[in-house]
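Chemist: Chain residues, written in single-letter form:
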Amino acid sequence: GDSVTQMEGPVTLSEEAFLTINCTYTATGYPSLFWYVQYPGEGLQLLLKATKADDKGSNKGFEATYRKETTSFHLEKGSVQVSDSAVYFCALSDFSNFGNEKLTFGTGTRLTIIP
Amino acid sequence: DAGVTQSPTHLIKTRGQQVTLRCSPKSGHDTVSWYQQALGQGPQFIFQYYEEEERQRGNFPDRFSGHQFPNYSSELNVNALLLGDSALYLCASSGQREKLFFGSGTQLSVL
Chain A
-9 GDSVTQMEGP VTLSEEAFLT INCTYTATGY PSLFWYVQYP GEGLQLLLKA
41 TKADDKGSNK GFEATYRKET TSFHLEKGSV QVSDSAVYFC ALSDFSNFGN
91 EKLTFGTGTR LTIIP
Chain B
324 DAGVTQSPTH LIKTRGQQVT LRCSPKSGHD TVSWYQQALG QGPQFIFQYY
374 EEEERQRGNF PDRFSGHQFP NYSSELNVNA LLLGDSALYL CASSGQREKL
424 FFGSGTQLSV L
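If you read the sequences in order, they're chains A and B.
Heads up, the first sequence is in the numbering used here, so the first residue is -9 and it goes up one at a time.
Heads up, the second sequence is in the numbering used here, so the first residue is 324 and it goes up one at a time.
Bear in mind the hints are in silico, worked out from the structure with no lab data behind them.
Note that the structure is predicted; figures quoted are calculated from it, not measured.
Ideal placement from N, C-alpha and C gives every residue a C-beta, glycine not left out.
Watch out, some of these pointers could steer you wrong.
To be verified - To spell it out: a stretch of chain A is covered by chain B in this simulated footprint if at least three of its residues, at any positions, have a beta carbon under 8 Å from a beta carbon of chain B; those stretches are:
1. 15 to 22
2. 33 to 46
Stated by the list, open to error - Computed beta-carbon distance windows for the label pairs:
3. B/Leu334 / A/Thr16: 33 to 41 Å
4. B/Gly326 / A/Gly(-9): 29 to 37 Å
5. B/Lys422 / A/Thr61: 41 to 49 Å
Just chain A, with the same shape it has in the complex (with noise of 0.2 Å):
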């Protein structure tokens, strides 16, 4: 079945530095790709998505690309702010025949920044 892996947590980094959260999957066929941000206390978010092959998903200075060769979606930012702090999720979707997403997550990736 579909699978996600993305590295694991924690990951704590000083405010203005690079970011890079990776993750990998296993589908059949060609799911979207997504990442999702958990901040306490609330609910996911859609931070970013690619639907094909080579698609760039980019949103508040989050970029990740979609990777068909590798299978990789990795979560990058070139410089990061305290208000990043959150549990960050990669996840893919299938269609399937019904055209509303059903979504596999990883386990999620806590990153913590330090001013």
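Put chain B on the given structure of chain A with help from the hints.
Modeler: Frame of chain A; chain B shown alone:
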């Protein structure tokens, strides 16, 4: 727009009891999905409801059941609670081919 609302926010039950969690989808959304997020883990898909029918189901036992009402709101029921059912239960709503919107979840503790 209120987004996806879930109730209650926190719940404590004992083993063997039954629990009902509730979800109101975002305005305009007709599909509701439920996820279980155990501590330190990613959310796992339980099931999805559309037009008051269960449309997809993940690898969860029959103790987990649900319902969708004509106004698209939904309930998740769990019977014969086990300690391992302690988790954050997330509801997500969507429209056709639209992204999912998640609620803040119900934290269930089973003692």
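Chemist: Does each hint hold? Answer for all of them.
Modeler: Hint by hint, here is what the structure shows:
Here the segment 15 to 22 of chain A counts 0 residues with a CB under 8 Å from a CB of chain B, which misses the bar of 3, and the coverage is violated. Judged by the Cβ-Cβ criterion of 8 Å, the segment 33 to 46 of chain A is covered by chain B as claimed, because 5 of its residues qualify and three suffice. Hint check: B/Leu334 to A/Thr16, Cβ distance near 35 Å, so the stated range 33 to 41 Å holds. The given range of 29 to 37 Å is respected by B/Gly326 and A/Gly(-9), whose C-beta atoms sit roughly 31 Å from each other.
The given range of 41 to 49 Å is broken by B/Lys422 and A/Thr61, whose C-beta atoms sit roughly 22 Å from each other.
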